[in-house]
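Engineer: Residue numbers (the working numbering), protein chains in the order written: chain S, 1 to 126; chain U, 127 to 252.
Taking lysine-lysine and the BS3-like style, the derived pairs with C-alpha atoms no more than 25 Å apart in a straight line are:
no. : chain 1 : residue 1 : chain 2 : residue 2
1   : U       : 213       : U       : 170
2   : S       : 44        : U       : 170
3   : U       : 213       : S       : 44
4   : U       : 170       : S       : 87
5   : S       : 44        : S       : 87
Read the hints as simulated data drawn from the structure, not as lab findings.
2 protein chains.
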Amino acid sequence: MSKQTLPISDVPAPGPRASEACCSPLTREPLGEDRAVELARVFKAMGDPVRLRLLSMIASHHGGEACVCELTGVFDLSGPTISHHLKVLREAGLITGERRGTWVYYRAVPQRLGEVADLLDLAPAT
Amino acid sequence: MSKQTLPISDVPAPGPRASEACCSPLTREPLGEDRAVELARVFKAMGDPVRLRLLSMIASHHGGEACVCELTGVFDLSGPTISHHLKVLREAGLITGERRGTWVYYRAVPQRLGEVADLLDLAPAT
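Make the full structure from the sequences, and use the hints.
Structural biologist: Okay, here's the thing in structure tokens:
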């Protein structure tokens, strides 16, 4: 039953937009304290193998979204544990969830992934 | 004294090279279990505001390297705590350290940052 009681959030991804992030990549100037706190939250959400695989399964899914019913069977983990990991990804703004009928459908948030990729811009200091 | 007793590792960054990572971005196909474990370690290392700021300070430093003596004064943290954070970044293959005389000098590992950026390749599934 846990699959049907996943909390859903329509709250937009927190923090600056990708367009702002593009101007302060990691390798160009030192990150400010507030920005570091915000981004560390995103990296921390990705810092778990199960969450990273869930994110990848969702982001690479045909049609751009994945039903929670397709995600749970892949792992030898309980429904509530998968639900917790999905919640962490959602709170970091990396995925969104939408309930339709019985199931919840998840999509990756390209802006958030782009924001992280922008941050890692590889113009080294010289 | 802790500044002078930082452990130094010349061990290369673990795991696949960026050239391998480019072929399995997060959004193109589901990450394998082993690769997820490896990458989650890198993201986890970046999932702390102090470590993210240290990494950014090192990566953006003029000349491409930063003396530990320039890093410790920025944070209201003890030398051993900073040393611990630098060790986590080093073990994740994100920075390397070299002792020259009294101080340790750190450099970012562009390949590792590139590997992470490649992973976040933004070609969405359709």
